[in-house]
Amino acid sequence: MARSTAGPRAGARTRAAAATGTPAARPGDAEAILDAVAIVDDDGVPPAGRLAAALQRAGFWPLLERLRHGRSRHRLRIVIKPELGGFAAGSPAITDPALVEALLDLLHDAGFTDAVVVGAADSSALWAGNRDLLSLSDLLGYRFATPKGRGYDIVDLADEIDDAAFPAASALHGCGLSRLWRDADLRIVFGTCRTDEALGCSLCLDTLIGVLPLVDKDLHYRRRRHPGDVAAALLAAAPVGFGLIDAIVGAHGEAGRRAPEPIATGTIIAATDLVLADHAGATKMGLDPEVSPLFARVLRTHPLPRRYIIAGSLRPFAGWRNVPPATLHATAQRGQAEMLDRLVEPWLQRLDTELFPLKHPLDAGVNAKLAELAGQPGMAPLLALAGALIGGVGEAVTAYRTLFDKDALRRQALPLGFDPAAIAGDPFADLVAEMQRLEPLAAAAPEVSPELAWQECDGAIVFRYRRTLPIPHAAFVRRVDIARTIQFMNDYLGGIVIVLARDAAGRPVRQAERNLYLPQPNYLVLYQGKPIDVSKLEVVEYGAGRHRLYWKTMLSENGSATYDDGIATFERAGEGTRVTITGRQRFTLPPFWQAIDLDLVPALKARLVTHAYQTFFDRTLANFEALVEGRDIRIGRPVDEPAPPPIEQFMPLVEWLGEALLPLLQGMGRSPPAPGGERDADGFVHITPAQQAAPDAEGLGAGIARFVEDFIRAGQRDLNLSRPAR
Amino acid sequence: MRALVTGATGLIGAQIVRALVADGIEVRCLVRPSSRLAALDGLPLQWAVADLADADAGLDDACAGCDIVFHTAAQFAYGGSDAAMMQVAVAGSERLLRACARTGVRRIVLTSSSVVFGHARDGVPVTEDAPLAASADEPGYVAAKIAQHRRAQALAELLDLDIRYACPTMAIGPTGSSLGPSNAMLVAYLADPFRSTYPGGCNLVAARDVAAGHLLIAAAGRAGESYLLGAQNLTWRQIHGMIAELAGVAPPQVELTHAAAFLAAAAEELRAKLAGRTALSTREQAGMVGRHYWYSHARAAALGYAPVPARAALVEAISWLAASPHVSRETRACMRLAEDIYRFRATATEMPA
Chain A
230 MARSTAGPRA GARTRAAAAT GTPAARPGDA EAILDAVAIV DDDGVPPAGR LAAALQRAGF
290 WPLLERLRHG RSRHRLRIVI KPELGGFAAG SPAITDPALV EALLDLLHDA GFTDAVVVGA
350 ADSSALWAGN RDLLSLSDLL GYRFATPKGR GYDIVDLADE IDDAAFPAAS ALHGCGLSRL
410 WRDADLRIVF GTCRTDEALG CSLCLDTLIG VLPLVDKDLH YRRRRHPGDV AAALLAAAPV
470 GFGLIDAIVG AHGEAGRRAP EPIATGTIIA ATDLVLADHA GATKMGLDPE VSPLFARVLR
530 THPLPRRYII AGSLRPFAGW RNVPPATLHA TAQRGQAEML DRLVEPWLQR LDTELFPLKH
590 PLDAGVNAKL AELAGQPGMA PLLALAGALI GGVGEAVTAY RTLFDKDALR RQALPLGFDP
650 AAIAGDPFAD LVAEMQRLEP LAAAAPEVSP ELAWQECDGA IVFRYRRTLP IPHAAFVRRV
710 DIARTIQFMN DYLGGIVIVL ARDAAGRPVR QAERNLYLPQ PNYLVLYQGK PIDVSKLEVV
770 EYGAGRHRLY WKTMLSENGS ATYDDGIATF ERAGEGTRVT ITGRQRFTLP PFWQAIDLDL
830 VPALKARLVT HAYQTFFDRT LANFEALVEG RDIRIGRPVD EPAPPPIEQF MPLVEWLGEA
890 LLPLLQGMGR SPPAPGGERD ADGFVHITPA QQAAPDAEGL GAGIARFVED FIRAGQRDLN
950 LSRPAR
Chain B
19 MRALVTGATG LIGAQIVRAL VADGIEVRCL VRPSSRLAAL DGLPLQWAVA DLADADAGLD
79 DACAGCDIVF HTAAQFAYGG SDAAMMQVAV AGSERLLRAC ARTGVRRIVL TSSSVVFGHA
139 RDGVPVTEDA PLAASADEPG YVAAKIAQHR RAQALAELLD LDIRYACPTM AIGPTGSSLG
199 PSNAMLVAYL ADPFRSTYPG GCNLVAARDV AAGHLLIAAA GRAGESYLLG AQNLTWRQIH
259 GMIAELAGVA PPQVELTHAA AFLAAAAEEL RAKLAGRTAL STREQAGMVG RHYWYSHARA
319 AALGYAPVPA RAALVEAISW LAASPHVSRE TRACMRLAED IYRFRATATE MPA
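Those protein sequence lines, which keep their order, are chains A and B. Heads up: the first sequence begins at 230 in the numbering used here, then just goes up one per residue. Heads up: the second sequence begins at 19 in the numbering used here, then just goes up one per residue.
Do not take every clue at face value.
[Said to hold, decoys possible] Calculated pairs, EDC-like style, for lysine to aspartate or glutamate (alpha carbon to alpha carbon, straight line, at most 20 angstroms):
1) B/Lys291 with A/Asp636
2) A/Lys635 with B/Glu348
3) B/Lys291 with A/Glu884
4) A/Lys834 with A/Glu676
5) A/Lys759 with A/Glu800
In case anyone wonders, no lab produced these hints; they're calculated from the structure. Nothing here was measured: the structure is a model prediction, and the numbers come from that model.
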């Protein structure tokens, strides 16, 4: 069966123009429409035959011809990235090596001889042996020669890295990318069809992340960045020309990749678009593709083709079992406790320890007892509960850090989130005029402190904060760059700024920026308050003795703000610098605070708003002062700060607990020490004082006793204050 | 004239070095192999490397050719190893003094401490006429300084040395070395979310003035005499109030009892241990709460010693601390510096690294 369709996100930005006016498609008309997905499950055809059919029906060969641009076939550089994330030979969680080799043969048969298989080690290499690319591919069944006897290479994408592969607006800016992947004429991702506790389904887009070079992919590309942003950045920097999904034997089940269960699904999916391939794959698994946060995020910047051919049936696989929603939710919660979540991963992963021995004895011991048990279907509720508990710990830690230890938080790397060039008209001129209209409104607001005035207008807070710092203007603006004001504000946790235009002196005058601030006020974190995530357009002016920044909200990815607009002014005021921040803000409150409806208690609301704004801008100006002093004002730790394997972070805690508690535990069950002194002629044992005192002298018990004694002494001094202090 | 300064990179030592250089005196600095020398960058100095806690090696060479020794080296900590403090203070001083005797250096200004004379009773400031305090039940640092003072007095007689004792009170100010308990007191208040103070008080003095006092004692003091080098006697509430005003944080909100101070210090020690840093306050210090460490510097004043008031000392110290890594980013974000700080900065010429 084949049909053409309008994609569910038709009308989305990038593909719209190309599809306009495309005539209705017919089966086999892939060339006319360009995009196609083929789902092949033909009876009686071996897997390699289904692969060949899928390629044919998805328009793979015409695609190659178009890419050739007249070059000879053997000069077209093709790279194939299969899924290698399996923990046993024949695992259904990986792309079947035989199919990869069959693909190589098909390419060679057609004259495309410059094709290599690529991969890179992943986070499991940190805790299991034989996870380097060559050992892994060998143990998983790659034979380095095709069925037709053609030798092939498996090339490590961690080698020969381009450190400048991603532009400034990319979530991967500053990260490396293999030159081989970057320079290929055709990139093919050959994923597999498997359930996943974090994503719901793991298909081509998840496999794509595996092309990045750092070993700890889980940490750098899935936790410290949103995997959807990472996949989108990869697709933007090095588009993938073709997607394949090996669903001959799927990996289904409630435990996802942790304990994959094989199921015969007999299908190959092939598509000219990776998003389209995943859409079809998820549909075959019986899922709404957007259940995957990865897919949903990628869809924002890489929507489905406007028109495409579906050749085959999207009817879900019979008997397929997915990860229950409760487990998905618990896994997402668990992810908030980075160290703990990573720590338990090797404990719960079902694996062939003969092939992939666990490196740490503790991991090996716990895995031997837990992994098999945790893979049982009936364990899902218990694991969900454990996940929720770990997630609760993570949330508590995040809340504690937000309130009391901001330097322990992790900064965020974010893409811009919108395309400034796609905005019609002259948004920069408009925003200056609009922001200037705020100034009289803010000036008319009642003053609530010597620095702050605010009033509520249409549900937004319009405010002005003004203070003169005794710092000469020239010295101030030299250290506090007006163009970076947003980054210098209180609780800035990360983001990105793209300079769009500069003046003759090279200073930014037009920018696009996305910023992330901690929830404001910080205590909202206790009520599930979201970080404030706002993308803005900005205009910068540099006058004599006056620098100004105007900004206007274009988008809030997480819906945390409707408005976050304003003007920052640094102007000369005598020997000092007057800082004025005028703004209009409307942030989304957490449900608890929405339910309270503070408008019913205006006095309380006024007090809370005043406190929030006064605190935020007092601290912002303290940041400005600190910048003049040459201090680093950034909160949080760097995004890509390396982290040792979790077990290495965990063991010192275990050892410390052991050292601290063991003497106590031993002490509890210990008999009085046997006399160890000399026995005299009369049968008396002579024990020296040192022998008596030694066992507990430096122990925890002695420390506690000393502490209590000192505390009692301090209390006694309080009760006898009339007596002279000693 | 050539002077040897031990502990040359410390809070007081570095200020003495600068004052000596400013007076045109040739200075040799005795430093440990691990000392951070950045605080003295750019000064025309000779260097001698030795560790007083270790052995005599290098001490004779360090002293040879010097006319005077300023012995400021000490391990200043509350809650550290008592044995290590005693080792540096007593055995280290003895090694140095014997080296002085061997190499013919007769005049030594030894940096003792005001605490060797105990603390004030009934609000009457202590003078140098008070007997040396008993060290029983005193924190390790205090006991070490008392023992050092006693041993130096004995060695002066034995070795026929002209030893003069500079006894600074709580000296604060910029330093290129570790923060030290005196400056840590300021940081502890700035970082304290409860803005707590405690009963008792102390005498606050600028480290720069203490250094000037050392030079005065060297030039005009008398052999065997002790000189208290303080500036202003204040209660802790007054001191914390001044810090609050200058740093733009809340004034003291609560006065801790002994027991509360003990628990707060224990919590700070635990936090510091978990964070891998030095505690800003310790249970040993909490044991000193309630006392008035008030002193008279009349004897030094007779030599011409004229320290700035405590507030001026705090202005310099807070100006430096605010810009230094000793104050955390979070603490700095809560501060709003007074105009006095900016006025001081406009005139200040040097800040330690």
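Hint numbers contradicted by this structure: Going through the list in order, the structure violates hint 5 alone and respects the others.
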